[in-house]
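For the record, the sequence lines run as chains A and B.
Residues 1 to 581, numbered by this note's numbering, are exactly what the first sequence covers, in order.
Residues 1001 to 1437, numbered by this note's numbering, are exactly what the second sequence covers, in order.
One or more of the hints may lead you astray.
Interface residues of chain A toward chain B, partial, derived using beta-carbon atoms under 8 Å [stated by the list, open to error]:
1. 113
2. 114
3. 151
With a straight-line Cα cutoff of 25 Å, these simulated BS3-like cross-link-like pairs (lysine-lysine) come out [what the hints assert, rightly or not]:
4. A:114 x B:1342
5. B:1342 x B:1128
6. B:1209 x A:165
7. A:221 x B:1261
8. A:247 x B:1314
9. A:153 x A:165
10. A:114 x A:153
In short, the hints are calculated from the structure, not lab data.
Glycine is no exception: its CB is placed at the ideal position from the N, C-alpha and C atoms.
Read off the chains here:
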Amino acid sequence: MATLAALLPNPVHAPTVSDDEEDEIVQQPQAAAPSLSIISRGVVPSYGQRAGWKPASQDDFGDGGSFPECHVAQYPLEMGKKKASSGNTLALQVDSEGNVRYDAIAHQGQRAGKIVQSQFKDLVPLQHRKDLDDEARNMERPSEDEVQATADKTRAALEKLVNGKIKAAQPKNIPDGQGKTSFIRYTPGQQNGSQGLNQRIIKMSEIVEDPLEPPRFKHKKIPRGPPSPPPPVLRSPPRKATAVEQKEWMIPPCISNWKNNKGFTIPLDKRLAADGRGLQDVHINDNFAKFSEALYIADRHAREEVRQRALMQQKVAQKEKEAKEENLRLLAQRAREERGGIAPKPTAASRAAMTSKLADYGSDSGSGSGSEAGSDDDAEDEDARQIRDQMRQEKRREREREMRMNNMGTEQRAKMLARQQNRDISEKIALGLAKPTTSKESMLDSRLFNQESLSGNFADEESYNLYDKPLFHGSTAAAAIYKARGNIEEGNEESFGGGTDEGIGKALDNDRFGLGRAKVGFEGANDQEVREGPVQFEKDTGDVFGLDQFLDEAKSGKKRGLDTEVGNSRKRRQLENAEKD
Amino acid sequence: MSTAALPPLDFVFRRATKRTRDIFASCPDEGLGDEEKSARMRLAVKINDEYRDYKQLPGPLLAKQGLIGPSAPKQLSQKMITAGPGTTDTSRLVAQIDNTPTPQPSTFTSSTQLSQALTLHKTTRTIKPTYHPPWKLSRVISGHLGWVRSVAVEPGNQWFATGAGDRVIKVWDLASGELKLSLTGHISTVRGLAVSSRHPYLFSCGEDKMVKCWDLEANKVIRHYHGHLSGVYSLSLHPTLDVLVTAGRDASARVWDMRTKAQIHVLAGHTATVADVKCQESDPQVITGSMDSTIRLWDLAAGKTMVTLTHHKKSVRALAIHPTEYSFASGSAGGNNIKKWKCPEGTFVFNFGGHNAIINTLSVNAEGVFFSGGDNGTLSLWDYDTGIAFQNMEDVPQPGSLEAEAGVFCSTFDVTGTRLITGGADKTIKVYSEQSQ
Chain A
1 MATLAALLPN PVHAPTVSDD EEDEIVQQPQ AAAPSLSIIS RGVVPSYGQR AGWKPASQDD
61 FGDGGSFPEC HVAQYPLEMG KKKASSGNTL ALQVDSEGNV RYDAIAHQGQ RAGKIVQSQF
121 KDLVPLQHRK DLDDEARNME RPSEDEVQAT ADKTRAALEK LVNGKIKAAQ PKNIPDGQGK
181 TSFIRYTPGQ QNGSQGLNQR IIKMSEIVED PLEPPRFKHK KIPRGPPSPP PPVLRSPPRK
241 ATAVEQKEWM IPPCISNWKN NKGFTIPLDK RLAADGRGLQ DVHINDNFAK FSEALYIADR
301 HAREEVRQRA LMQQKVAQKE KEAKEENLRL LAQRAREERG GIAPKPTAAS RAAMTSKLAD
361 YGSDSGSGSG SEAGSDDDAE DEDARQIRDQ MRQEKRRERE REMRMNNMGT EQRAKMLARQ
421 QNRDISEKIA LGLAKPTTSK ESMLDSRLFN QESLSGNFAD EESYNLYDKP LFHGSTAAAA
481 IYKARGNIEE GNEESFGGGT DEGIGKALDN DRFGLGRAKV GFEGANDQEV REGPVQFEKD
541 TGDVFGLDQF LDEAKSGKKR GLDTEVGNSR KRRQLENAEK D
Chain B
1001 MSTAALPPLD FVFRRATKRT RDIFASCPDE GLGDEEKSAR MRLAVKINDE YRDYKQLPGP
1061 LLAKQGLIGP SAPKQLSQKM ITAGPGTTDT SRLVAQIDNT PTPQPSTFTS STQLSQALTL
1121 HKTTRTIKPT YHPPWKLSRV ISGHLGWVRS VAVEPGNQWF ATGAGDRVIK VWDLASGELK
1181 LSLTGHISTV RGLAVSSRHP YLFSCGEDKM VKCWDLEANK VIRHYHGHLS GVYSLSLHPT
1241 LDVLVTAGRD ASARVWDMRT KAQIHVLAGH TATVADVKCQ ESDPQVITGS MDSTIRLWDL
1301 AAGKTMVTLT HHKKSVRALA IHPTEYSFAS GSAGGNNIKK WKCPEGTFVF NFGGHNAIIN
1361 TLSVNAEGVF FSGGDNGTLS LWDYDTGIAF QNMEDVPQPG SLEAEAGVFC STFDVTGTRL
1421 ITGGADKTIK VYSEQSQ
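Isolated chain A (complex conformation) (with noise of 0.2 Å):
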């Protein structure tokens, strides 16, 4: 039967297929042609031939309900079915191999055109890809008419965003102002009775917009949307440094000679390490040494030079004085032999030398006497005899102070030296020749006054306000100052009230005659007030030049060429007196 259903041409029209018979042949084709039946609908299976078998789609109920001898969820013309967006769940999905595809989720809620890399395949390089051929791994640029194409699109997606974006900046964009007008006729739909109003003509125009007005509504900013979820991450979890890695990356941390402002202890080798001064040897310039021993040698030659120099003024000087005493040893020779009255004529050479050697002692008279020798010579005598006396008293007082300076006292030594150099004034104090200087500076102690006055006000120069006090103003400066101390010292202290103010108001008070109070003082010195220190002036206010005379006159508009009489007279007179001379 089969065979012969094999053999003959198809059916027309299908024969109506019911359930309980031919389900063979309806079976059949599917052993004998796999593939027609995969392509074809699913058939369902006849009733009784169900076990194993589910309803897939909606197909399969066909018009009708469900198949109760199944025992699976069933939702006939989906009546019943929950929603299936209700769960973020994703339904498991199953790639062209049959592998389960575990990147649904990252492709899950991403743009139509993004490429997500998700799969292993992804970190394989592409040389040793299997799923991608010679032409996947082909890396040519694309053709010019494909850049093209692709700078053509970019550009005008981006001229549109420019074009939105600088349209404010555009004039051509500013709204016209009521130039816009239109009228429009208007017919109620609604005329419920009344007959009035059957049609208007409504205008309608623009309200004029101040264009700088700030705007009305605040403008909110709408919160960032949701971004796209992550990409999935396609290398090994960081590793967690190691120990050697941490030690590599530690830096020291900072120490500072001067500043430590938590406090720690620092230790000793850290602070000099800090220092820097470990860090660089010291290097000193050779020249250094070359020129402190240049400098030692050219000092040692200098002194040695002095030295020498001052030895041989020593040894001058030493020889001129052994000159001098011999000199004097022989003049003094000379005296005697004279006195002695052996007086060799002396020669000329040894009376020139001696005359020179007196002129020595400058004495011009002496000189000049023994010159003329010749012709007086007694006189001449007695006054070289006179001289010499002088001298040798004079030198005799000299060897004396000499011999006590030297056996004077330290004290009384630097005394003498003050005294040779003006410095000890106790002689002038007692002869009263001694004054101190006056000198402003020393002699004003500004502790001494009115120091609030003084301290506060001198130190802004702005303010001119140095002479808006008075100078000693209720101070106990100026009461010590103003004191009346007429005759205190020689007449008895209770004269005056002692001096003080008190004691002279006091003294005033004191009504010893019992007379009361003086009703009536000094004229005038009623109205003055008590004073209590030194007489203050007042600045005088009145017209001292007589200028405001003046400025009045000169506002009051009288002329000053209208008091002719005076300008005459006086050119009158001075008319006389050209023709007096």
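Keeping the supplied structure of chain A fixed, place chain B upon it in accordance with the hints.
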């Protein structure tokens, strides 16, 4: 008869054998060969006796190896017990004897797909690198007073500009290395420079949040692109459109219309500083590398991310787009830190392995010479097609600079691709040139 009277027999024997050998020296000798064979046999027997149990790994170990997977291709020739370095006769003999085929581990006998794939890898990994002549330092220009952070070569190849930490942009003659111009105007480090090929404009950006457009005919600033919220770290010009892309510390890249100064897009999505941005004429037209260790490929028309590449482990500081190949490279810190990507969809191509430093800058020229400069002054030159380094150099800081100032911050090839200009932390500009014969 006493034995003592006889001469010692040994001597006689020896003399006799010598004489025999002399007599039979001309004849082909068989006895010695026989002896060798026997010695071999003896040794083989001995080896078999003593080392039979150790010819293969013990069972559990072998099983473990099999469970893990195939051994690395290096270990394919299984280690046998072989002689030491000594060249004694016996050891050579042993080596000759032991020529039995090594038994394969069990994993290889069962031919799984994985092993097939691995053998496939071995065959596919046979691309030979092209030869590149070595590069040599040819000029050091010391003119800046701060770190040289950016460099750009003019399209006409006459001059190049550098921007530095001394807030000055300097223009140098490319041939002679002489200073042509100093441009002042930035108030902080100049981090990015670009010279337009279609306008007489120089664009600069800096840490002072400013992006400036200089007119090179008047040497004046003619435009400011205002909008960055923090320092601007990188700048790139679109090759075909009048569009400028800047990126910076505010984790965003901004697309500006060159003429109207309007901000077209804010390319937001990175979560940390965008360290580098590059433009190309076809999609993806904008590529950004960020300190959040991701690279994003952007759809410029929509202003949206096309792909996010998360392969890098550390922040991506440098990007380089090949001028003729449809690919780009990115560099970060750590190992396996330079990666090459295929362009439209960002497929991972391979790693440039071996430059263990923080990569500050990358450059590539049309001949396929790829340069990477590290933060510690290491420089590497690679073959771009295969990822094999052909030269490793050390940056020599100029005398007077600190040890730590040996970093390279920026680099670019000139238009011809024969010179490489780098700027470094030692405040100098260094020009490397190809050593042609």
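Can you give the numbers of the hints that this structure goes against, from lowest to highest?
-> none
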